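Student: For this one, chain P is given, so just place chain S on it according to the hints.
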Amino acid sequence: MKVTILQFPGTNCEYDTQHAFESLGATTEIVWHKAESIPSNTDLLVVAGGFSYGDYLRSGAIAKFSPVMKAVATYAAEGGKVLGICNGFQVLTEAGLLPGALKRNDGLHFISKHHHLRVENSDNIFLEKLSNGDVVNIPIAHHDGNYYIDEAGLQELEANKQILLRYTDEKGELSNPNGSVSSIAGVCNKEKNVFGLMPHPERAMESILGSDDGVRMLQGFLAS
Amino acid sequence: MTAIVNVSLKAGVLDSQGKAVHHALDSLHFKGVADVRVGKQIVLKLTETNRDKAMAEVTKMCEEILANTVIEDYKIELI
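Protein sequence lines, in the order shown, are assigned to chains P and S. Just so you know, the first sequence maps onto residues 1 to 224 in my numbering. Just so you know, the second sequence maps onto residues 1001 to 1079 in my numbering.
Heads up, a few of these hints could be off.
[What the hints assert, rightly or not] Derived BS3-like pairs: lysine-lysine, alpha-carbon spacing no greater than 27 angstroms straight-line:
#1 S:1060 <-> P:70
#2 P:190 <-> P:129
#3 S:1031 <-> S:1045
#4 P:34 <-> S:1060
#5 P:171 <-> P:113
#6 S:1019 <-> S:1040
#7 P:129 <-> P:171
#8 S:1019 <-> P:113
#9 P:70 <-> P:113
#10 P:129 <-> P:161
#11 P:190 <-> S:1010
#12 S:1045 <-> S:1060
These are computed hints drawn from the structure, not numbers from a lab. Just so you know, these numbers come straight off a predicted model, no measurement behind them.
Just chain P, same shape as in the assembly (with noise of 0.2 angstroms):
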């Protein structure tokens, strides 16, 4: 399994993301947002949190300009499985591969600290080691991850079961820690291999660091 990790300027988790794909086994490659094609043998792609070009403008609103990101919209439209986490969620966003937009949190803080997620679909090539309703801890730490959408675009993702995770507590129930609508925590595309979520799943692999729930979200994102 190849996972190819894009960096930006400003990216800062690409790292962390390769150490975790690469404990489970998996061969990585970071990739310089410079770079006109994906490597050919990629199974998936990660659009890597941190702050790509200083969240200039907008989180994600350069990033979506660097040569690369043509190369991901083509990589996308022929089917290749595309991830975003926090920063890269903002950048899908911004490039429009994913629905919505992430706007400030609506306490305006910059949130660091664990949170649980429920399943909402797990019927997707993403989520399916988990099940829908499992909750899971994992850290966020965002200060634009509060999702918008409108509310045409909500039902529509709805119904086409597009809300892959809610911010909940631990026992599943709705917790909002952004402002988000519906409490988003992750989407995917209306074909189903684009997928952006706030949390950081890369940073959850180890007990001993507060949480190893990431390991059966990152085990999902490498099957078939």
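Tutor: Leaving out everything else, chain S in the frame of chain P:
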């Protein structure tokens, strides 16, 4: 020619910063404020001298990058 672009969250999209500023104004006893919206201003010095062409070009810039039209509106002023 100079283009002044004002970008702000769409009506109906909760503006948390505006709300916080409103709250602060209220704490300072400025009671006559019904609502506050916080946006950003982008000033572009253009080489284009034709107003129509400049407006068309800046509109394109707003649609492509300066605003995220999922959540934001923009207004362009040419001076």
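Student: For each hint given before, does the structure comply? Return the numbers of the non-compliant ones in rising order.
Tutor: 3 and 9
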